[in-house]
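> Each chain, written out:
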Amino acid sequence: MAGNRAASADPDALSWYEATARQRVVALADPGSVREFLPPTERRMSPHLPLFDLPRAFDDGIVVGRATLDGKPVLIAAQEGRFMGGAFGEIHGAKLVGLLRAAIELKPAAVLILFDTGGVRLQEANAGETAIAETMRAIVDARAAGIPVIGLIGGRAGCYGGGGLIAGTCSRLAVSEGGRISVSGPEVIETNKGAEEFDSRDRALVWRTMGGKHRRLIGGADAFCADTVAAFRRAALDLIGRAPAFDLDTLEAEQARLESRIERFGDCRDATDVWARLGVNDPDSVPAMDTRAFDETVARVREANHDAR
Amino acid sequence: METLTFRHTTKKPLPGSVPNAITGVVASGNLEILLERVLPPDACEVAIETPIAGYGVVWEAVVADFVARAQPGGLRISINDGGARPDTVSLRLLQGARLMEA
Amino acid sequence: MTEWRGERNDRDARVQAGRVHADGKVVPAGSVVDLLEAILRPGDRVCLEGDNQKQADCLARGLAACDPAKIHDLHMVQSGIVLPEHLDVFETGIAKRLDYSYSGPQGARIARMLYGGQIQLGAVHTYLELFARYFVDLTPNVALIAGVSADRDGNLYTGPNTEDTPTVVEATAFKNGVVIAQVNQIVEKVPRVDIPGDRIDFVVEADTPFYVEPLFTRDPAAMTETQILIAMMAIKGIYAEYGIRRLNHGIGFGTAAIELLLPTYGEKLGLKGKIATHWALNPHPTLIPAIESGWVKQIHCFGSEVGMDRYIRERPDIFFTGADGSLRSNRAFCQTAGLYACDMFIGATLQIDLMGHSSTITQSRVAGFGGAPNMGSDPHGRRHPSDAWMKAGREGQIVGDPALMRGRKLVVQLVETFGEKLVPTFVEKLDALELARKIGLELAPVMIYADDVTHIVTEEGIANLLLCRDADDREQAIRGVAGYTEVGRGRDRAKVEELRARGIIRRPEDLGIEPLDADRALLAAKSIKDLVHWSGGLYEPPAKFRNW
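Protein chains in written order, with our numbering: chain A, 2 to 310; chain B, 12 to 113; chain C, 17 to 564.
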């Protein structure tokens, strides 16, 4: 596949947030190394969307394939956040599950999942929900077989719903400032709990609560990247190198980490309260920090780095 | 969904040897275009799936202008439309042709 | 015996009646209704300050809560019909007649009320016309205005959004009217005196700060390749060609794209210092990269923009600022500047017909005019030359003595051939004509008349209407850039090629522009966050534009 014309071929200049799924994959991997499975020419499209008079995509909104990263073989999946919000449908989910299952046989250095999703596609919800469950199971199997699964999150759809659950099963996560990780989205919370509880139009609040900086500070993500493909590539290589073993010790450490987190921050009313308790000197200045200043802040926060998950 | 297919004869084949390419994303006001070099060198076929019915004459005009300008002989072009405006369609078609010429 | 002091005596009596509810000039927010009922008389002409941005919302709520048995049949004379209360008063009978300029957010409701006869409409004005009539035959008896703070003597600080206030106060205070100001707070000493206290009769400390909507913020993340292509053509085919230094931009994405291309594409073309140096413009956040790159010499503003205050304070060489450091805007002066001191107005519209008349009206909305027709018109009173103005004049001149030739203002419409939801921009007949017929307007609400328009730029190319010599040239020039709309598809292809040969239509390739180069990578900022970076952290965008 000649791939999408990149806004810029230079991974240092190419914005992750702006790039399409295919542009991200091509620019992330070693040049010329990407081999796509079930490419658009195969036309594996959703059988369900036409029933709703909705347009389909030739790849059902996900690119899967093999490539190399610094010479090491990897498997990559990338969701297209602009097609139906990157949501999981039947084909979309099956491509991801298939890729993860193939990892057991192919034994790549890692599986990279480039999340960009609002969760399950409403129009094919049963298949989508099943795909979420199967994906989590397949990730656990891959990790048990010693293959790190790394999530990269910085697209406009964020990583929500089932995508947020799947991210929780990954070995390590990298996130950019624009990236968001959560299960219920801002609108869902507002609809169920009211605007007083969570005003979904207050975008500063949304990012403070679910955005990349918050997730990094509380250790929900393990690396923070500038919004370039090159930064995500460096983060992926780094995280592959320090992925935790998948054993009882790791799981118990993760359980302990989450328990202490809810105990320590459960009564906080706002993310800035959490940051203050984490020891950030001027919590209100965090959203405006550039990457370097933020990295320095993270370096002083003990909880941001851990060997659990 | 409305399905439209236009077949044209071109004066020459599209230069280059890239077998296939894809550009664009199916999103509101956007579209994806899949180009495959699978037809005889003087033939071009453009097949469109669009959720917005009733714009057949506009599609016909956009495709005809593109074929006259790019002479995309040999290409089968498949479009999944998300309600793109004609100028966006023209731009993506030209982007696609450029990818195939590379 | 002729009475020469009737108005003055009447004014004094009103102020006297109002004092009962005040401590000196200061009135608590809870007494607004009592104050208004004491001062207003049935049939009064009232300006309830509703500007493009700033709203006297506390006083608007107060007026709407007055007893219609006491206060009725008011004649409202204000530039903006923006808040629901601005129209509520017509439903209750408090107000009857209306003369205004702009009604963006209330456009649909105002159309229904005009149709239903609840409003007796005088006219829909441009800003300058309405301001002018304040001094001739629409002088307010009472003005209800808004400011940031006031002292107990009534000295008023308007903050960066001065906007219409000085004009309204000038007309009211010096012609026996009563001026009531709402302020966010009463202070010992105001940061600067925008309106001297002897022109203010009462000051109301509002229950909540007045609301300002960010109207001029365009998110670079939403800019499309088509808008970038159009912007490239405008820069190369118009700004560079005519050497446009003094100008006004509309608020659309097309002009915002131009602003973001100046430091990149404009720089590459070697145009820095040669174009776009002096502006009549609201403080558009998208102009920050051009300012920071040294393109812009100075900017005078109609109003301010939410989030730009700190940035403006730190750039006094560029903006007009007061002794306190904050922006001083003034709508009347800036509109005058846009009309007389700018060589070009460039902006978008919703509909253009075959002659080049344009309108932002759709069938069910009366959005009004604001200032676009003032700036988007050729001021025949202009007498100072400039290269751009003279060149346009030469292109448009066909007959007469060359010694008597004068210049032309460039009025450029920057549009995409299709708008939202595939609605065509180019039409055989403007919806405005049908609307005028339906609600009985004497004048069709045309935003910019065909004889003022000099160029139309679309993704298909530039139509230079100055060079057209007859009606057929003009119609085909417009059809020739109308793309795949019905109007565009109806063009005479041979005639369009002839117009292209004569330079009346210029395609991207005629300008040496490759459409595939129209890439978001050309934007000096691709996101609001990039604008914050360009500003050195001084720009503080409102929450709804953030994604961090």
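Treat the hints with caution; some may be incorrect.
[Unchecked claim] Cβ-to-Cβ under 7 Å is the rule here; a few derived chain C residues that face chain A: (1) T293; (2) R326; (3) P558; (4) K560; (5) W564.
Note that these hints are calculated values from the structure, not bench results. The C-beta atom is built at its ideal place from N, Cα and C for all residues, glycine as well.
> Give a verdict on every hint.
Evaluated hints:
Because the closest C-beta pair between T293/C and chain A is about 30 Å apart, greater than 7 Å, the hint is violated. Taking 7 Å as the C-beta cut-off, the interface hint given for R326/C is violated, the closest approach to chain A being about 12 Å. Evaluation of the P558/C hint against chain A yields a violated restraint, the C-beta minimum of about 9 Å exceeding 7 Å. Contact between K560/C and chain A, as hinted, is supported at the beta carbon level, the nearest pair being about 6 Å apart and thus within 7 Å.
The closest approach between the C-beta of W564/C and any C-beta of chain A is roughly 5 Å, which is under the 7 Å cut-off, so the hint is satisfied.
Against the hints set out earlier in the document, violations occur for numbers 1, 2, 3.
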